[in-house]
Amino acid sequence: MLYDVIVVGGGPAGITSAIYAKRANKSVLVIEKFMPGGQLGLIGKIENYTGFKSVDGNELSLKMFEHATSLGIEFVFEEACEYQLCDKIKTIKCNKNSYQGKAIILAQGCHSRELGIDGEQEFKGRGVSYCALCDGNFFKGKKVAVVGSGDSAFSDGVYLADLCEKVYILTKESLTLHNYAENEFDDKKNVELIKGGQAQKIEGDDKVSSLVYNIDGANKNVKVDGVFVAIGRQPDTANLKDKIDMTEKGFIKCDSQMQTSCKGVFACGDIRENSIRQIATAVGDGALAGTMAVRYVSLFDKGLV
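Each residue of the sequence shown is one higher than the last, beginning at 0 in numbering that gives the first Met the number 0.
Wrong hints could be hidden among the right ones.
[As the list claims (entries may be wrong)] The list that follows gives simulated cross-link-like pairs (lysine to any residue, SDA-like), each with its CA atoms no further than 20 Å apart:
#: 1; residue 1: K44; residue 2: L162
#: 2; residue 1: K32; residue 2: T236
#: 3; residue 1: K95; residue 2: Y82
#: 4; residue 1: K123; residue 2: G203
#: 5; residue 1: K219; residue 2: Q197
#: 6; residue 1: K92; residue 2: F76
#: 7; residue 1: K95; residue 2: N238
#: 8; residue 1: K200; residue 2: G124
#: 9; residue 1: K142; residue 2: V157
#: 10; residue 1: K139; residue 2: V221
#: 11; residue 1: K95; residue 2: E78
#: 12; residue 1: K206; residue 2: G140
#: 13; residue 1: K165; residue 2: K188
[Stated by the list, open to error] Pair ranges (Cβ atoms, derived):
#: 14; residue 1: K301; residue 2: D55; range: 42 to 52 Å
#: 15; residue 1: N189; residue 2: S260; range: 41 to 51 Å
#: 16; residue 1: G195; residue 2: D241; range: 32 to 42 Å
#: 17; residue 1: G302; residue 2: Q256; range: 17 to 27 Å
#: 18; residue 1: N220; residue 2: R294; range: 51 to 61 Å
#: 19; residue 1: G71; residue 2: F137; range: 33 to 43 Å
#: 20; residue 1: C133; residue 2: K62; range: 13 to 23 Å
#: 21; residue 1: G302; residue 2: S260; range: 16 to 26 Å
#: 22; residue 1: D215; residue 2: Q83; range: 47 to 57 Å
Treat the hints as calculated values from the structure; they're not laboratory data. Note that beta-carbon positions come from the ideal geometry of N, C-alpha and C, so glycine has one too.
Starting from the given sequences, assemble the full structure and let the hints guide the process.
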């Protein structure tokens with residue numbers, strides 16, 4: 000089957016773009032490798048998305064997925080592996096099947112960055128985690144460290160403070176916060192900010208027992224049972240290399256209409272260059288990408304592209 004629009008990525012940006020395309024009476028397929036809502040389903044409490052004073056990320060992702068499926072949007076849960084984007088008919092080869100479309104919307108999002116320090120790989124799943132919401136409960140009543148200097152690190156700290164005996168947050172001197180204030184933990188006596196601490200090594204035997212960090216040129220360590228890494232995210236564009244114009248960091252370049260360097264291919268959400276990577280901006284990107292894809296398909300059907 001030839002789809003009018005294929006969306007790669009089932010997070011807020013991808014689902015929104017699919018809804019806009021479907022409501023314009025186009026045939027739409029969403030390819031998602033993870034789960035409905037993408038990474039949104041791993042976020043805890045959200046308090047900055049308009050219309051919701053407070054909502055759980057998993058709850059919001061389910062609502063988005065139910066909205067999309069209620070319109071008859073088709074979802075397949077496969078990983079997109081190979082792309083042919085600059086042909087008139089675009090092809091996406093997944094780990095199971097191949098799919099063809101007139102227009103493509105790229106909305107794969109990002110994944111967690113790694114620290115790249117000794118012990119990180121060794122203790123993955125044995126004390127090293129990249130998702131406080133997923134794994135925090137395993138550390139109830141224990142001591143943990145969070146490494147990061149942005150909203151994700153502070154969000155993890157807020158969540159873990161209510162579960163753990165002690166939470167250390169290793170953060171740069173200069174913080175990058177959009178949704179949190181530095182005094183967020185003033186009333187949480189079990190949270191300690193270590194400003195300027197640079198993680199050096201994760202130690203342990205069968206599981207994590209301590210985190211070594213450097214501060215002011217000297218190595219110190221804290222005894223912890225877990226280390227939560229929250230240093231930002233990497234765009235999921237590795238298999239798009241040489242297929243489309245991207246930045247050195249792997250974010251997709253596109254114009255103000257979400258059009259990429261390949262005609263009929265659009266990008267939206269966290270994967271896009273210059274995105275501030277918030278749910279609200281992802282949804283806005285998706286609305287525009289879906290609308291532009293519909294316009295392209297209309298021209299395609301008239302033989303004008």
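Tell me if the straight-line CA distance from K95 to N238 falls inside 20 Å. holds (16 Å)
Given a hint of 33 to 43 Å, does the C-beta separation of G71 and F137 actually sit inside it? At 40 Å between Cβs, range holds.
CA of K139 to CA of V221, is that 20 Å or under? holds (18 Å)
K219 and Q197: Cα distance at most 20 Å? holds (10 Å)
Taken at face value, is the distance from the CA of G140 to the CA of K206 at most 20 Å? holds (16 Å)
So does G302 sit 16 to 26 Å from S260, Cβ to Cβ? holds (23 Å)
In this structure, is the beta-carbon distance linking K301 and D55 contained in 42 to 52 Å? Given range 42 to 52 Å: holds, Cβ gap about 45 Å.
Please work out if K142 and V157 have their alpha carbons no farther apart than 20 Å. It holds: about 14 Å lies between the C-alpha atoms, which stays within 20 Å.
Satisfaction of the hinted span 41 to 51 Å by the C-beta atoms belonging to N189 and S260: holds (50 Å)
Is the straight-line distance between the alpha-carbon of K95 and that of E78 20 Å or less? Holds. K95 to E78 sits at ~8 Å (cutoff 20 Å).
Distance restraint between K95 and Y82, which requires alpha-carbon spacing of 20 Å or less: Given pair K95, Y82 holds - Cα atoms ~14 Å apart, limit 20 Å.
Regarding the pair K44 and L162, is the alpha-carbon distance no greater than 20 Å? Since the Cα atoms of K44 and L162 sit roughly 15 Å apart, the hinted pair holds (cutoff 20 Å).
The structure fails none of the hints (numbered hints given earlier).
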